[in-house]
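J.: Sequence:
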Amino acid sequence: MTHATDNSIDSADGPGIQLRRAREARGMDIVDIAQELHLDTWIIEALEEDDFAALGAPVFAKGHMRQYGSLLGLPTDDLMIAYYRVRGRDDAPPAPITATMTRPAANRNVAWAAIVLAVIVLGGLAGLLWFMSDRPLVGGNTDEPEPAPAEVVPPPSFDPGLAVDAVLDLPADSGAADALQTGASEFPADTGDTAVDAADDSPATNTPPPLPVSGDTFELTLRFSDRSWVEVSDPGGRIIYGIFEAGSSRSVSAEAPVELYFGLVGAVEVVVNGQPYAVPASSIRGNTARFVIGN
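Here this note's numbering is used: the first residue of the sequence shown is 31, the next is one more, and so on.
Hints are not guaranteed to be accurate.
Pairwise CB distance ranges (calculated) [stated by the list, open to error]:
1) 256 x 79: 34 to 44 angstroms
2) 65 x 283: 33 to 43 angstroms
3) 160 x 305: 48 to 58 angstroms
4) 251 x 47: 16 to 26 angstroms
5) 84 x 256: 24 to 34 angstroms
6) 244 x 71: 52 to 62 angstroms
7) 143 x 266: 44 to 54 angstroms
8) 110 x 147: 48 to 58 angstroms
9) 111 x 79: 36 to 46 angstroms
10) 163 x 239: 57 to 67 angstroms
11) 84 x 285: 51 to 61 angstroms
12) 55 x 116: 14 to 24 angstroms
Hints were generated in silico from the structure; no laboratory data involved. Cβ coordinates follow ideal geometry from the N, Cα and C atoms, glycine included.
Required output: the full structure, derived from the provided sequences and hints.
T.: So this is what it looks like as structure tokens:
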């Protein structure tokens, strides 16, 4: 009875206390748990002390806690309830990669509406001015004499017989005809190939593939232009860790969300599914950067 009382789990306790009691009841130490879960001992210590901030994004803390609880046979639902009771409102996900810019879109709509309205007003004013300038003046001098009609000059008489004789008297100029034929032959026929070639040379618009979201598996590549320390983790644990030299690269298959931590952010190029990825400016602190892909 005493042994059962010592190993009982109080649902009001924090998740760290529940994990520690279950571990001690099994006679295991922190090193044993770390080896079973392939994690560092400091992660196990942070979980048992409810120090979730040390684990980075909440998704990693919850993922490690589920693995730890499953290893000890604890109900994961009870652990999650205890976790949210401890974290409360602090359990907020990091800033998403692609922010929804609704306000600028609304501003653009307002700007376009203002431009259209201005065009309508200017067009109305121009039409009104044209209409007013085209109307006759009321009350003006109507007694002005009308201009005299121009004198009509009759056309000269035409004798068809004289015209025929003049044409017959002209010498035949074969050189002029040859020149016309030669000039016409110098211009090639337009087959329309030029227009087709110009259309073929126009570049096609390439739409970049969408970024991965939570649960997606994607190819992650890091290329180093200078010596830098990096740490990359996904829900399964740490997948890239260490110091990499200039000119080296590292590619892995990762599951979103993935947390990345760079010691020298300017030396690391990030490639997601073969496409360059720009590190969010809000995640950069001096030479370091810490951000999440696929949250």
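J.: For each hint given before, does the structure comply? Return the numbers of the non-compliant ones in rising order.
T.: 2, 4, 6, 9, 11
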